[in-house]
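J.: Read off the chains here:
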Amino acid sequence: MSQAAEILIAASLAVGGVFGLVGSYGLIKLPNLVMRLHAPTKATTLGVGGVLIASMLHSWFALGRFSVHELLITMFLFLTAPVTAHFIAKAHIHRRLSARDLPAPQVDRGWATLERPEDGSPDGDPGEKAEGAQPGGGN
Amino acid sequence: MRLIRALFPHPTLSLLLTAVWVAMANTFTINSLVLGAMLGVAIPIFTRAYWPDRPRLRSPLRVAEYAAVVLWDIVMANIAVARLVLFRRNADLRPAWIAVPLDLRHPEAITALAGTITMTPGTVSCDVSSEGRALLVHCLHAPDPDAVRDEIKQRYERRLMEIFE
Amino acid sequence: MIALALDFAFACFGAAMLMNMWVVAAGRTVEDRILALDTMVINAIALLILHGIWAGTAVFFEAAMIIAMLGFVSTVAYARFILRGNIIE
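Residue numbers (our numbering), protein chains in the order written: chain A, 1 to 139; chain B, 140 to 304; chain C, 305 to 393.
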């Protein structure tokens, strides 16, 4: 294995490790939940991305096997990280926040998660609310 | 022509499924290619009912350009967020909620935009409005929320408009 | 040099895992704990891939893929349960 390949693999391992650590550290350090949401969704995807790239390079240069399936995990995480973040944010809005904490959407009545059915019962028919209210809001 | 349309309801999806299968098998042989192609034909036909009026993608080149821009921004976003987490005291951070009015109408396009916003600099998309015409976005550190909103509209929504509408 | 970088990455993700565990155990809200569990799943994938590099095999890839998929589905299910009180309506 050439020196350059070795340096490249070690560098992506180190970068991945640092970002993974920062992501989890942010989870402890930041003061409220919506802010904490930023750290893991971003830093950890690059953390795992670095490790997966290192794994790919390692099997090319050290083991002599051409390998791309690590890219699939990276792609999968890139696609799923926004969805989980969106769901956790919705759960947080549902439980802790009210319309007063958020800016008005200006064009519509309000935010989908905070919508209540017309009759005023707190949990009317939940299915109706979900299907009509959020075209492609990430779920 | 109609036969081709019936066999390949979503040509892009067929290609993507084949590519994913070949990558999964991790060997580029005729075996994995044929099996992948079979899956690529079968899965779109069987899941056809779940994809009603899907918007057409305008041009593959623009999709590639968008993907490159987003990938670059993901790397930059990671560095920016890591620096904020490590080197700023919590008291110095200026978090902000912003409402982004949308010009996009297709649910698929709005989903793509929401995903992009979550993956890029210091912003997470948290909710859509009741009629799906605005996105609620949270910024980790935004001294000037209006600038962030304009950048989202300029950089990502304009490109998605060109791809989807 | 790769061995050294591997040790460093193992240490980083191990420490990250411990921090997540702390949040899961002592988090202030339920949403916090879900978020910590989700991060923990991602860190577990990284550790598994690191172990694969260390052992020089690709057999751990499938395990990592399955953990990624199950982790995603369980996070969504958990968040949805909190949001709506049930998962499949």
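Check each hint, because a few of them may be wrong.
What the hints assert, rightly or not - Calculated Cβ distances over 12 angstroms to all of chain B for the following chain A residues:
1. S2
2. Q3
3. A4
4. E6
5. I7
6. L8
7. A11
8. G23
9. A62
10. F76
11. A104
Stated by the list, open to error - Derived, one-sided and incomplete: chain B residues facing chain A with beta-carbon distance under 10 angstroms:
12. F147
13. L154
14. T157
15. A164
16. I237
17. A253
18. V263
Hints listed in this document are in silico derivations from the structure and should not be mistaken for laboratory results.
Every residue, glycine too, gets a C-beta built ideally from N, C-alpha and C.
J.: Broken hints, numbered, in rising order?
T.: Hints 8, 10, 11, 12, 13 and 14 contradicted; others consistent.
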